[in-house]
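Enquirer: Please construct the entire structure, taking both the sequences and the accompanying hints into account.
The listed protein sequences correspond, in order, to chains E and A. Taking the numbering used here, the leading residue of the first sequence gets 6, the next gets one more, and so forth. Taking the numbering used here, the leading residue of the second sequence gets 6, the next gets one more, and so forth.
It cannot be assumed that every hint is accurate.
Since the list gives no way to pick one copy over another, a pair counts as held whenever it fits inside one copy or between any two copies.
In silico lysine to aspartate or glutamate, EDC-like type, Cα no more than 16 angstroms apart, as pairs [said to hold, decoys possible]:
(1) Lys226 to Glu148
(2) Lys257 to Glu238
(3) Lys226 to Glu265
(4) Lys81 to Glu118
(5) Lys260 to Glu242
(6) Lys260 to Asp288
Worth flagging that the hints you see were computed from the coordinates, not collected in a lab.
Okay, here's what each chain looks like letter by letter:
Protein chains: 2
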Amino acid sequence: VLSEFQKHIENKYPCLKNASILLAVSGGVDSVVLAHLFSQSNLNFAIAHCNFQLRGEESDKDEKLVKELANDSKTKVYVTRFDTKDYACKNKVSIQVAARELRYHWFEQIMRENDYQTLVTAHHADDDLETFLINLSRGTGIEGLTGIPNKTSTISRPLLAFSKAQILKYAESEKLIWREDESNSDIKYLRNKIRHDLIPTLKELHPTFLENFQNTLGNLKGSAFILNKNITELKEELFIEKEGIIHIPIIKLKKLNPLETYLYELFKEYGFTAWNDINDLLDGASGKEVH
Amino acid sequence: VLSEFQKHIENKYPCLKNASILLAVSGGVDSVVLAHLFSQSNLNFAIAHCNFQLRGEESDKDEKLVKELANDSKTKVYVTRFDTKDYACKNKVSIQVAARELRYHWFEQIMRENDYQTLVTAHHADDDLETFLINLSRGTGIEGLTGIPNKTSTISRPLLAFSKAQILKYAESEKLIWREDESNSDIKYLRNKIRHDLIPTLKELHPTFLENFQNTLGNLKGSAFILNKNITELKEELFIEKEGIIHIPIIKLKKLNPLETYLYELFKEYGFTAWNDINDLLDGASGKEVH
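Expert: Below you can see the structure in the form of structure tokens.
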């Protein structure tokens with residue numbers, strides 16, 4: 006895994022080699038392996054750990070493990086504690102959304118204040134498949150099937166090319182110490198069902214299922230990219246901004262085919278969910294409004 | 006199901022109401038239900054049945070059932086027998102491919118000779134999901150995830166909006182007689198695994214999994230349609246035919262991004278599989294050829 010990882014960084018993430026990196030480490034096997042791979046590859050990184058205080062003593066043990074791991078490898082470490090339940094309550098969001106918002110907001114702050122150029126997280130190929138299946142179960146479109154981005158302007162996920170099995174094997178062969186996330190055994194029914202019932206069955210379908218799935222994701226990402234480019238060009242043609250208000254010629258809009266897909270793609274960034282209302286608006290009386 | 010089916014025909018397949026239809030009936034529950042729904046809806050149809058002679062006496066019993074069903078409902082019936090194994094052997098194709106080629110070729114012939122405007126098959130929502138999962142397990146692109154077409158110029162599949170469970174329930178409530186396809190119990194490992202292990206698990210993930218999946222397919226079809234339109238326009242711009250040879254300016258081709266996806270989409274109709282060769286060709290010496 007180490008040499009494969011180093012080749013992967015060389016080919017796909019060349020900018021990580023000269024960057025100052027912030028690595029998100031929970032203390033689970035994925036991020037512990039990632040920290041080890043980074044350290045073995047002489048990358049320039051610091052560790053960031055969030056204690057969400059959701060599992061009492063267990064959360065504190067995670068924090069302790071990450072601090073020790075950083076000390077042992079002489080890596081700078083940032084640790085913070087959040088009152089996640091309180092934040093979720095006050096902002097009327099789920100615990101999961103609260104944790105994500107708190108976490109990414111704090112990472113951004115550390116990066117800004119200490120000049121880190123990129124955040125690295127330990128998402129791996131099985132996470133991609135999980136996300137695909139969760140979105141599939143709820144109903145989605147192409148963007149919901151393209152998985153977790155390998156790279157955005159500020160986040161890199163070099164472990165997406167590796168499977169959970171590879172990660173575990175590496176951790177064992179290197180005798181690394183990590184902590185099982187206890188919440189794995191009691192988090193949401195859906196994610197557990199996917200992880201323990203569905204994914205093993207899928208992997209039995211084909212000897213290289215996960216690799217084939219990664220190819221599929223690559224193809225879908227390419228298609229989604231072309232589609233987005235197409236929609237951006239169309240927007241430049243159709244959306245005319247005058248004094249802060251966007252004007253759209255309905256006659257041109259109505260000629261688009263398939264209309265439903267185009268409406269979704271053109272207006273999704275505005276967070277509309279009432280597609281039928283927009284559809285109705287096209288035939289509505291002048292002055293009709295949808296908010 | 007009957008009233009839902011009639012509404013569905015009204016909305017999505019209005020041309021079936023005045024068409025002369027050829028209905029493919031195997032004798033399994035799906036096509037027996039479809040024939041019953043057609044007959045209850047006073048549609049103008051004849052039945053076509055292929056005996057592939059792959060399961061000896063069982064195949065003959067299927068043929069007999071379909072003939073009786075047609076007689077009972079006073080429907081015209083076409084029956085043929087194929088030596089499927091011989092065809093597969095001679096044409097070096099799998100039994101499955103042989104059966105499909107023989108079947109569609111024969112349907113076309115009957116339609117041409119007897120002025121049927123459209124062929125109707127009994128594919129249902131679970132078939133769509135099976136196809137999606139088979140392609141997913143092998144690795145695919147957006148077109149492999151968009152399922153079986155609801156409608157082409159000559160084939161309609163109005164049962165795609167209905168689940169296997171709905172079809173079975175209707176068959177039982179109407180006391181219809183059908184034959185279990187014995188090959189179901191011993192056909193390919195893959196399809197069985199998907200049907201008996203995977204799909205039930207997927208349906209447990211979400212109370213309306215199959216409906217959500219149908220929405221996903223609708224969205225993907227819309228995206229694939231836009232993508233194809235885009236590629237067709239690009240081809241008109243890039244592919245210049247002179248004396249039966251297509252010329253493509255490599256400089257323009259190489260500027261496309263993401264290149265791999267564009268190459269795949271532009272050249273897939275030529276049946277290339279050696280994408281890396283095409284990719285290399287772009288940087289090759291003048292006169293280099295790929296076949």
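Enquirer: State for each hint whether it applies.
Expert: Hints, one by one, checked against the model:
| no. | hint | verdict |
| --- | --- | --- |
| 1 | Lys226 to Glu148 | both (8 angstroms within a copy, 13 angstroms between copies) |
| 2 | Lys257 to Glu238 | within (14 angstroms within a copy, 19 angstroms between copies) |
| 3 | Lys226 to Glu265 | between (21 angstroms within a copy, 11 angstroms between copies) |
| 4 | Lys81 to Glu118 | within (15 angstroms within a copy, 80 angstroms between copies) |
| 5 | Lys260 to Glu242 | within (14 angstroms within a copy, 23 angstroms between copies) |
| 6 | Lys260 to Asp288 | within (13 angstroms within a copy, 41 angstroms between copies) |
This entry satisfies every hint, going by the numbered hints stated previously.
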